[in-house]
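Engineer: Residue numbers (our numbering), protein chains in the order written: chain Z, 46 to 302; chain B, 9 to 272.
Keep in mind that the hints were calculated from the coordinates and are not lab data.
Ideal placement from N, C-alpha and C gives every residue a C-beta, glycine not left out.
Treat the hints with care, as some may be off.
For lysine-lysine, the following DSS-like pairs were computed, each having C-alpha atoms within a straight-line distance of at most 27 Å [as the list claims (entries may be wrong)]:
1. B:54 x Z:169
2. Z:162 x B:44
3. Z:162 x B:84
4. Z:125 x Z:103
5. Z:125 x B:44
6. Z:169 x Z:84
Here are some, though not all, of the chain B residues that point toward chain Z, as calculated from beta-carbon distances under 7 Å [as the list claims (entries may be wrong)]:
7. 146
8. 149
9. 261
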Amino acid sequence: MKSFTPEINMNEKVIDIRDLYKSFGSNHVLRGIAIDVHKGENVVVLGRSGTGKSVLIKIIAGLLTPDSGYVNVLGREVDKLDTQGLRELRLKIGFCFQHGALYDSMTVGENLAFPLKRNTPHIKNEQVKRMVNVVLEAVGLAQTINQMPSELSGGQRKRIGIARTLILRPDVMLYDEPTAGLDPITCTEINNLINEVQRRFNTSSIIITHDLACAKAVGDKIVVMKEGQFVKQGNFNEVFSTEDDLIKEFYDYNFIQ
Amino acid sequence: MESSKEQAEKPLISKGIDGFFRDIYYIFRFISRFFKEVLRPPVEVKEFIRQCYLVGYKSLALITMTGFITGLVFTKQSRPSLAEFGATSWLPSLIAIAVIRALAPLVTALICAGKVGSSIGAELASMRVTEQIDAMEVSAINPFKYLVVTRIMATTVCIPVLVGYTGLVGLMGSFIDVHMNEQTTLTTFFQEAFKNITFLDFITTGVKAVVFGFTIGVVSCYQGYHATQGTQGVGKAANISVVISMFLIFIEEIIIVQISNSIR
Chain Z
46 MKSFTPEINM NEKVIDIRDL YKSFGSNHVL RGIAIDVHKG ENVVVLGRSG
96 TGKSVLIKII AGLLTPDSGY VNVLGREVDK LDTQGLRELR LKIGFCFQHG
146 ALYDSMTVGE NLAFPLKRNT PHIKNEQVKR MVNVVLEAVG LAQTINQMPS
196 ELSGGQRKRI GIARTLILRP DVMLYDEPTA GLDPITCTEI NNLINEVQRR
246 FNTSSIIITH DLACAKAVGD KIVVMKEGQF VKQGNFNEVF STEDDLIKEF
296 YDYNFIQ
Chain B
9 MESSKEQAEK PLISKGIDGF FRDIYYIFRF ISRFFKEVLR PPVEVKEFIR
59 QCYLVGYKSL ALITMTGFIT GLVFTKQSRP SLAEFGATSW LPSLIAIAVI
109 RALAPLVTAL ICAGKVGSSI GAELASMRVT EQIDAMEVSA INPFKYLVVT
159 RIMATTVCIP VLVGYTGLVG LMGSFIDVHM NEQTTLTTFF QEAFKNITFL
209 DFITTGVKAV VFGFTIGVVS CYQGYHATQG TQGVGKAANI SVVISMFLIF
259 IEEIIIVQIS NSIR
């Protein structure tokens, strides 16, 4: 469980989704999803692979267009924004990809400086260097600044991915399977980092995962997804004190009883 | 609602023919987006220069070797036929016409389609499947402008320069053979070589080079940018980039030659 009490403002919704549908051909991935994320809140979306968890956060970031439904992020309806509006919104959203998605041809430092320089054209090099160092220290990887992504471990890549989003000081963080494929110790480090980001930068987050340890460690609210729909939500204890087979299966599989 | 969607997905003619026309439509949309983005600030100078270095400078060694050997071998192969008529003095002129009108643009374009096209196709496809392009988008960076526009611009600018260079190197290869057999000086060789070359020849070659460069850029960027199917898609994008670029280069060669001959 968390070692701190997050400052969640229940009166301020940063993400508001209603009746969200998305299909790929005859594959109906999302079937009437509804979710609220409040200021400073970490919401974990749990579910098996292929249930549409990643599609949900890609719609929030404007990478995919929904078939129908209402998606409001930071007071703006995502699918109604023009290119400039979407660009402005994306500056406030940090998206951490499953495998880091670091730019192969750039060093760690350049990976971090790239979005900053591109979005603030008149920024001075000294300021960029300083900000890069600040976020690298925040994720505990200041020594990797001159390394190439290929020289980093899986956990380091994910942490640099988080650092790259933090450099733009987002209000909303979207994590896609942050602990997938990592050893338990690195998972714990990533979970601590997600909590640290929430505490230090006062971000609201959606964390997509199928790792219950991660859900328990970082989630203020847990939402369980099955076949494109949310079947249960609440805090960790509320969600897992159930007789629902799917949820019990999840719990048993993760061996954290 | 579902049934109307399924109806809309039914092919109009057949799946293959529909797909072919859909691809053509998507490619034209891709090209029109390129022209829109290329005029829109900011200009990606640094990335454009980096791509010019990769497309142009990194291809120089291969182009030099191929161009030189093409000129040399073509001269050696043509000599016996001309010698039969005692017309070896026509060699510089013959080689210049062949190299400048056809060999330089074609050889350069085919080499670049293989080397540059596959490299761009594979690089962009790899960025697509590892979500690096999505990462740019969510960081409020326009990946089309940064990745596609700079690469198409680089191939369109650098391949004409490489064509000029290949022509020069090819003629130098030819000169070596002519000099060794007829002791012709460099000045005489070039005076003879350019005797029958007209302004239209340079224009036609220039147009070919620009069209070939643009084609290689568009095809490889399109294939890479829209890659799917994970790592398998990377190899597929690289392969298709080369095959389609080469096919289109030959088609364009025929069309441009026909047009220039009708003007001549």
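Engineer: Take the hints in turn and mark each one as holding or not.
Structural biologist: Going down the list of hints, with the structure as the test:
{"no.": "1", "hint": "B:54 x Z:169", "verdict": "17 Å, holds"}
{"no.": "2", "hint": "Z:162 x B:44", "verdict": "23 Å, holds"}
{"no.": "3", "hint": "Z:162 x B:84", "verdict": "56 Å, violated"}
{"no.": "4", "hint": "Z:125 x Z:103", "verdict": "15 Å, holds"}
{"no.": "5", "hint": "Z:125 x B:44", "verdict": "22 Å, holds"}
{"no.": "6", "hint": "Z:169 x Z:84", "verdict": "32 Å, violated"}
{"no.": "7", "hint": "146", "verdict": "4 Å, holds"}
{"no.": "8", "hint": "149", "verdict": "5 Å, holds"}
{"no.": "9", "hint": "261", "verdict": "33 Å, violated"}
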